[in-house]
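Trainee: Protein chains in written order, with our numbering: chain L, 4 to 719; chain D, 158 to 371; chain V, 1496 to 1827.
The set of hints was computed from the structure by calculation and includes no laboratory data.
Wrong hints could be hidden among the right ones.
[What the hints assert, rightly or not] Computed beta-carbon distance windows for the label pairs:
{"#": "1", "chain 1": "D", "residue 1": "H338", "chain 2": "L", "residue 2": "Q180", "range": "53 to 63 Å"}
{"#": "2", "chain 1": "L", "residue 1": "T140", "chain 2": "V", "residue 2": "T1779", "range": "53 to 63 Å"}
{"#": "3", "chain 1": "V", "residue 1": "T1635", "chain 2": "D", "residue 2": "G296", "range": "35 to 45 Å"}
{"#": "4", "chain 1": "V", "residue 1": "Q1554", "chain 2": "D", "residue 2": "P218", "range": "24 to 34 Å"}
{"#": "5", "chain 1": "V", "residue 1": "T1635", "chain 2": "L", "residue 2": "K231", "range": "31 to 41 Å"}
{"#": "6", "chain 1": "V", "residue 1": "D1540", "chain 2": "L", "residue 2": "K231", "range": "28 to 38 Å"}
Note that the Cβ used here is the ideal one computed from N, Cα and C, for glycine as well.
Take a look at the letters that make up each chain.
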Amino acid sequence: MKTAINKTMPSSAEGMSRVDGRLKVTGAAKYSAEYTPKGLTYGVLAGSTITKGNIIAIDTKAAERAPGVLAVITHLNAPKVPGDQPEKGKAADAKGALKVFYDDKIYYNGQPVAIVVADTFERALFAASLVKAQYKTEKHITSLPDNRDKGFPPRGEGTYKRGTEDAWKLAPFKVEQEYIVPTVTHNPMELHAIIANWDTDNKLTVWDKTQGVKDTQGDLAHLFKLPKENVQVHSQFVGGAFGSALRTWPHEVAAILAAKVVKRPVKVVLSRADMFTSVGYRPFTWQKIGIGATADGKLTGITHEAAGQTSSYENFTEGPTGVSQSLYACPNVNTKYHLVALDIATPTWMRGPGEATGAFALESALDELSYQLKLDPVELRLRNYAQTDPGSGKPFSSKFLNEAYQLGSDHIGWKDRKQEPGTVKQNGWYVGYGMGGGMFGAYRAGATIRAKFNADGTLLLQSAVSDIGPGTGTAMVLIAAEQLGIPAEKIRFELGDSSLPNAPTQGGSATTASVGSAVYKACADLKEKFQKLAGNGATNNPDYTKILKDSGLPSLEVVSETDGGNGMQKYAMNSWSVHFVKVLVNAATGVVKIDKVACVSDCGKVISPKTARSQVIGGAIGGLGMALMEESIIDHRYGRYINNNFADYHVPVNADIPQIDALFVNKPDPIINPMGAKGMAEIALIGMAAAVANAVYNASGKRVRDLPITPDKVMA
Amino acid sequence: MENKEAYPANDAAQDVKDSSRRNFIKQSTLLTAVALTPGTAIKAAADHIDEQIAAVFEKMPLKMQVNGKTQNLSVEPRATLLDILREQLDLTGTKKGCDHGQCGACTVHVDGHRINSCLTLGVMMNGRKITTIEGLANGNQLHPMQEAFIKHDGFQCGYCTPGQIMSAVACIREGHANSEHEIREYMSGNICRCGAYPNIVNAIQEVKDGGMAV
Amino acid sequence: MKQFQYVRPATLKAALDVIGKPGVKVIAGGTNLIDLMKRGVTAPDKLVDINHLGLVDHQSLKDITETKTGLYLGSLALNSVVSENNMVAKRHPLLAMALKAGASPQLRNMATVGGNMMQRTRCGYFYDTTMPCNKRVPGTGCGAMEGINRMHAIFGASQQCIAVHPSDMCVALAALDATVHIAGKKGERKLPFTQFHRLPGEHPDLDNNLAKDELIVGIEIPDNNFAQNSYYLKIRDRQSYAFALVSVAAALEIENGIIKNARLAMGGVAHKPWRLFDAEKALTGKQPTEENFAQAATLAMQGAIGHGGNSFKLKLAPATITEALKHAAGLV
C-alpha cells in the first residue's frame, strides 16, 4: 500500500510531499490578508486602555480629520448587528460572545472601542492612534490565584466520582501537590486577518482566517440575518491557528460593519499585541492532585481539582480533569472543575484543550509518586494499565499504548536513566530522563465530498474543510490514490471555500477521520459507478478513462456523505501518546537544554507519513514551549498583558530544538473509520510538559510545578 | 552593500529642499494649496491645514530593484519595506508575523543580505536590490532550497516559510551552515510556530552537503 | 506611526547641522527606532538617515581599521560585519561572542555599532504608552518597580527607574575598556565606554551622556592580552533570540598559572553595562580556580538589590559570573 509506512520512525524525506508545497515555498500560497478586491481599504482597531468600566466619551475628531480616513466607527455610530439584538419581547442573554461596538461597556483591556478605516494601512494605523476614549473605571480582577474562592462549577459538568471519594488519602504511598499552567497564547505565525466585502446589501464575501468556513458562514449568517448561501467564506490557506480560529471573533464582525459603512472592501489584520487579547488563549489553570498507591504500585485513588479562568461574559469550559478519569485503571477517582470569571477576554481551545493542562498535573504527580515508590515511572504506568475504559467500562476501539511505552523507552535510551535524581553529570551538566503521556478522544463527524473523475484521468475532490497546516489535502489525496489505484499527481483536493460540500471545522484532531471517511466513500461510490458503466466483468481496478471514453462521458461525478459513525456507542475511542525526553540541566544557572526527544503516537493507521511526522514534531515543540518558556503575563494592577509580543512571549526557536524522533505504533483502529486512522494533533502535545518537568527533576532534583520551567525556577 | 550612484554626493540639499517645501505650504494661501489637493484632504484639512496638505505632499520617490525589476514608487517615509512589498507591489510572499523584528517572517535579501523588512523604511532602500521569495526561483525551476523544503517538509502552515527559506539561503551563503548546531543558531531569527525546525535543519543540510549553488 | 520628514545628509557636517533640534531623531539600522516609532514611544517630526555619511578623518564610518594602539570600529559598521571580522575575532573574541549572542542574524545585518549603543531599554512599561514610565514620560512613575520586574535591574537603579540596558555588545565593550569617539559641532571628543551610558538617577529619560547634537562616530578598543581567555555567557529564557536575564563578559590574562589581569562586566542587571571593578581587582594575582572565581562573584554582588520578580538574579548573577570565568579560564 502506498500510504503505509513500513517502519515506526519515518525520516523527514520519506513519504509523499505536500500537495500544496510548491505554493508555500514560492510565496504563491495566499492567506486571508493577501487578496486584493477592487477598492480595498484598511481597518485598524483601537483598543480599550482600561480593564473594566464604561466609555463615557470618545473623541474621534482628530482621527476623522486625518488624511485618507474614510470612517471612524464606535459604539455610538456603528450599524446594528441584527444577531446581537435581543429578540423581541425577550431580555438580552446574561452571557454570550462579546458584541463589538454594541454599547459603552468594557469587559477587558484591549477590547475594541473603535475601528478606523482609511485608504492605506499607514494612514489607518496612525488615525487609530488618534482615537481617544474617556472611561469611568470599575475595580477589576484578572488574577486567578487571588480569586480562586470565586470559582463556580460550569453548567452540567464539573464533578465526577467513581468509587470512594479521596481514597488516595488512605494509601501507604501518596502525593498531594498543586500545579499551575499559566495563560498560554496560540500565537500562530499568521496574524488573524479578514477582508470583508458587501457584494450587495444582503450578500457578504469574506476572506477570513478560520478553521471552519462552514461555521464562520453560519455565524455570520446568524449575526447579519442573511441566508447562509449569501455569505461566502474563503479560507484557502491558514497560517496556523492551534485553536485560535475555531470561532468567530469581534474583529471579524468589526471588519464587516466597517465594510458596510464605507461600502468598500475592508481589510483588518490584527497586530501581534492584539493576538493576546482578541483570539483566545489557553486559560490559566490551577490544579491540585492527590494520588495514592499500594507498595507494589497499584493506584488506589486519584483526586483531581482544577480551577480555570474564563471571562465575565462567557463561560469557557474545557476538561482538564478528564485524564484523571480515564488514563489509568484506578478504582477510586473523584474530580472537581471550577471556573473563575475574570475581567479578561474569553479563552478558547488550544491544542490539546483541557487534556494538555490536566496531563501536566496528573503525569507530574504520577512521576512524584514513582520516586516515593522507588519504581520506574514506565513500570508504574504499566502496573496501572487500563485494558478497558475506566470511566465507562466500555472496551477501547483499539489501544496499543503499552507498545508505545516500549518503543519510546528503546529510542530515548531509557535504560540509561538513573532512578536517583541528580546523579548523572556530563561536561558540567546534569543529565535526566522523563516521560509523560496523554490521551484524546478519537472523534469523527459527518462530512461530504464531491468527487469528479475527468476524461483526462484527473480526479477533483472538493470539501469545505480548512487546512491550518497539518496537510489535509495531502492526506485526502493519498486516501483517494490508494482507493482508486491512480497516481496522486492526478488528484486535486479543493478546500477552504464555504460553497463546497460540508465538512466539520478543523479541530479536535478529527479531520482525517471525518473528511477522510467521506473521501473513502466517494472513491467507493465512484468505483461502483464506473463498474456499473463498464458492465459485467469489470475488474476491481478498472481503466477509468477508457470506461469514460467508451461511454462517451466527459466525466463522472459523485457526491458522497458520511456520518460520524456509531463506534462511540459501543467503544471508548481515543488516541494515545507518550513522550520521552532527555534533558541537560545546568544546576548553577538553571538553564535547561532539551537533548533528545522521542514521541510515540498510537493513533491508528498513519495515512501520510511525511506530514504525520511533521505534525507530531510540531506538537512536541508546542509542548516544549509550554514546558520551558510560554507564559502570557498580566500586570494585575492594570489588567494588561506586559509581554504581548514575540520578543517577550517566548516560543521555541530553532536553537532550542534537537532532532525529534516521531514514532508510530501504526496499527489501524478497526472501528473508527474504514482507513483505521485516528487523530494525532492533540496527543502530539499532551503530556510533553510533564515529560520535561519530570526529566528536569530526574536530572537536578528540582521539581517545578508551575510552568514554564525557566532558569530562575531551576537554579540551585 | 553600497550603491554609490543612488546617493548624490551632497544630499544635505535635500534637507533644505524639504524644509522649504513645508514653508511653502505654510505660507501659501489656502486657495493655492486646495487647488493641488484631492477632495478628501480638503475636507479633512478644515482646521489643520498644514498637516493635512503636507501629508499629501509628503510622499517621496523611491527607486529600488525588486526581484530584478526596477520599481519607481512614491511612498510615505513611514511606509516599511514590508508593507510596500505586500500592499503596493502585491508581493505577498513576504509575510507579516509580528511587525517588530521579533519573528523573521518578513525576511528578504537586500543586496544579498538577509534583513527584516518590517523594520526597514522603504525610503532607506533607494537604489537597493531587493530579493523576495517570489524572486528566488529561476522561472519554473525552484531554487534548491525550495526543493529541499518540500522534500523534508520544512513547514506545515507555510506562513513562516518564505522567511525561513530566504534566511536559509543566506545562512549557507554566509558560511553559517557548517554543522547542525550552527544552522540551528543561525536560523533562530525565524520563528516557526508549527514547529518544523528539525525538518528545516535537514533541508538546509541537504542543500549545503549537496554543494549546490545557492 | 506619525508622518515625518526623512532626510539623508551625505556629510557629517550636514548631519550635525540638522540633529539636536527638537523632534529630530537619527536613524542608522533602525532596528530599535522603528520599533519604538511603531509603538508610539517616540514620534519624531524628522528622521535623519546617517547611513550615507562620508568620511571622517579619512575613515568611512563603516570601516574597521587598525590604529597604533588598538582597533577602531566605525559607528556605522554593522553588528554582523564586526562579529565576523577577522581582526575582531583574533584580538577581541569576547566582542564577537557578545555580538553573536545578541538579536538574530537578520537584525545583526541591519544594526550598527552606534545604534546598538543607542538602543533603549526593553522594559514592557516603557513600550506600553498606556502604562506609567518615567523613562518615556518623566514624572509618570515607574510601572516596573512594584510590577512585573523579572527582567529588571539589581544594580544602580533609582526610585525613578529599574530598567536595564539590553545590549550584549556594550557589555563586551565595557569590559574591554573601549573608548567612544563622538563628533559634535565643536569637533570630536572621546569618552571611556564605561562612562557613555548612565544610571537612571533622577533622569531616567536620559540613557547616556551623548548630547542631542552629537553623533557617535566610532569605538576604539585598546590592544590587550585577553584573546586566549575570554568568554561571553548569556543566560536567557531560550537558547537564542532573547534578551539576557543575566550575561557576563569575562576576560582573563593568565601568566604562569596566575591571573595577571581581569575584566568583568555584566548585562541584564543595570541601566548600563555593569563593570565589576572590585571583582577584577580581587582576581588579580590569584590562581584561576573555581573557588577564587566564586569569591570574586560574591564580591561583585555587593550592593545588589532585588525587587521581587528579579530577586532570583541575586543568585543567578554570581553563578553566571563563576560559570563565565570558568569558561574563560578553560576550566569547562
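Trainee: None of the hints should be skipped; say for each whether it holds.
Mentor: Do the hints match the structure? See the list:
no.	hint	in the structure
1	D:H338 <-> L:Q180: 53 to 63 Å	violated (37 Å)
2	L:T140 <-> V:T1779: 53 to 63 Å	holds (58 Å)
3	V:T1635 <-> D:G296: 35 to 45 Å	violated (57 Å)
4	V:Q1554 <-> D:P218: 24 to 34 Å	holds (31 Å)
5	V:T1635 <-> L:K231: 31 to 41 Å	violated (51 Å)
6	V:D1540 <-> L:K231: 28 to 38 Å	violated (52 Å)
Checked against the numbered hints above, the structure breaks hints 1, 3, 5, 6 and satisfies the rest.
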